[in-house]
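From just these sequences and the hints, can you work out the full model?
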Amino acid sequence: MIRKAALLAVLSAALLAPMVAATPSTAATKASRQTLAVSISSITPEVPKSQTDVIKFTGTVRNDTGTPMSALRVRLRYTQQKFTDRVTMAAYQSDQNPATLPPSVSFSSAMDLPPLAAGAQARWEFTATPVQLGYRSFGVYPVAVDVAQNNVPITTAQRTYLTYAPPTEPKLPRNPLAIALPVIDQPHRATDDALFVDEKLSEAIADRGRLADLATIAQSAPKAVTWFVDPALLDDLNTMTKGYRVKTEDDEEERPGSAEAATWLTTMRTALAASPVVAVPYADPDVAALAHRGLDTQTNRAIELAGQVARALLNRNAETTTNWPPAGLLDADALDLLSVSSQKVDRVLLDSTNLPPEPPVAFTPDAASTLDSVNGPVTALVADAELSRLFEPTAPTSVLLSTQRFIAETAMIAAEAGQTTPRSLVVAPSRRWDPNPTLVTALLKVAGRLPWLQMTNLDSIKPGKAPVPRAGLTYTDKDRHEELTGKYLAPVKEVGSQAQLTSLITSDGTRSSFDAAVLRTASSAWRNGTRAGRAVTNLVRTAVTARIDKVQITGTGPDRPRTLAGTNGVVPISVKNSLSTPVSLYIDVKSNNPNLLQVNFSQEEPLPIGGGQSGTVQVPMNATTTTSGDATVTVQLKTREGLPYGEPQRLTIRTTGYTGIALVIVGAALTVMLAAVVTRVLRRRSERKLARAAKSRESETV
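In mature numbering (1 follows the signal peptide of the UniProt record, and there is no 0), the protein residues as written are -27 to -1, 1 to 675.
Keep in mind that the hints are not guaranteed to be accurate.
List of simulated lysine to aspartate or glutamate pairs, EDC-like, C-alpha gap at most 20 Å [what the hints assert, rightly or not]:
hint, residue 1, residue 2
1, Lys466, Asp269
2, Lys549, Glu620
3, Lys173, Glu222
These are calculated hints, taken from the structure and not from any lab test.
Everything numeric in this text was worked out from a predicted model, so none of it was measured.
Here you go:
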């Protein structure tokens, strides 16, 4: 046990610590700095609450130097000076200077280790009470462990925090904490058929895959956690359950229905049945880029489709009125675009850099704020950067160190000067994170049992009566540079326009079957993979072109001329519908040689054509010369809105110059024939009269 008398030794040792740290070391000691590792395995209780609580620190020292080591001593380093704010906590954690460690300690808080052979490991343990550590009030205190050889430090210290929370303190407010966890991937199909562009999704749902880890977290997560799910991912997995194909370099390979995909979907449906679920726009499109490049309709359609798919495949209560933009960043244009969508987005989840306090504050501001959009006020929820990073550490760390840091951060927020009412907090790791299930589960559990936190769902976080003033949406040139570029989106816009034509000619005016496919091409996943995004765009373009080509004008080409018999007449033009569904369209015909041929055609009603059938219109034409020859006309199919459908086709019209003479000859022949008929009728009448007269004379004679 650490005795009270040791505290005086601690204070005096603090003055010597910089000198001790600077003592010259041998070459062997220098070599061992990187290969003798000390770690903290446990701290119990995680939050001591009583002056007499016995705090146990345990850990290990491992000798990876390759040679035996002796005269080793593990030292517990601490101080009774607590942190004053979160900034000093962060500085302490990132600082690797031994001189800034808590003071060196007395013999009672140091432990001699037996000689360690190469590769060997030894356990260490310290116990102390808050009184012995000098803790007198609520706060977060620095703790560290290092190893010395002959009293010379030879390892990088393992730093952590210890939060002391005695019940005698004034009662702290319970800050609402909302945790948003993303289930977002990249598109793995181009069109809605069963052809996948890669095998990454099957890998992600396999054991130790990213999505498998998310399912593990979902099964034990508190029901207050809010889940942001991309319905395009659900769509892809649902397709996999029925059998699918994978595109290879030169061909396609068949795959049977995936039992793993079915299991994953079932697991998530069950785990999230009672949890708040937000459907991000279908395929997670780059909303800011779409707003800046004039593709406004795609965002609205992505939100509509997201709700439909998420409710059908995951959670019938999935909502779409909350939006989490890519990277948590948007500007006024993107906000306006979201606010006027048919689903009326009224809440956005943002990165802390996107909506900073103005002027800067020395405390943690409330997460909720209000933004003005073209469609009225929108609630902005700002994620706490440090708390979010703890759920997704950028460097390897232990579960213990992360949970101790989380406890310390949230305790410091609760104790910040000037806080008299609860202050909302939001946690949101990056959208395509690769979580550690053990770490995330541990953080969720500890968040649920800390007395200064109240776990809640994201929807319950609302702006307070006196929110901290913020600078407004801060969207930098660097943020704009991260978007999908205009060069990338130009073919996306073109493909989207062509895809829309396929719905405009349907008889019932249904939506394009390529809506989801086009949205996949605009996914924010392609920000860091434009090559893959372009490949998906090309596949969608090919499919759209093939669909458009199924409705075509027949009998085209210079070797298949149409004949106009005479200076005027009609030419039939036929359209073949090779689709299984009926279509309805207009046909526009223009003469390319008006000095030879004129077209007098105006279609008042659309031409309906059944699935697998052909339709024909009779187009009146006039030849402007009596000589025979060829002229061409351009025929363009059009939608009801007058938009061109498919490529224009040229037809050759052959006119004959003898038609006028032929009509004279036919007229003369008809006259001769009529005269002959009249003569014959008159002759027959004369013969009948003569016969009746002869018969009358015979009667008189008798």
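Could you work out which earlier hints the structure fails to respect and list their numbers in ascending sequence? none
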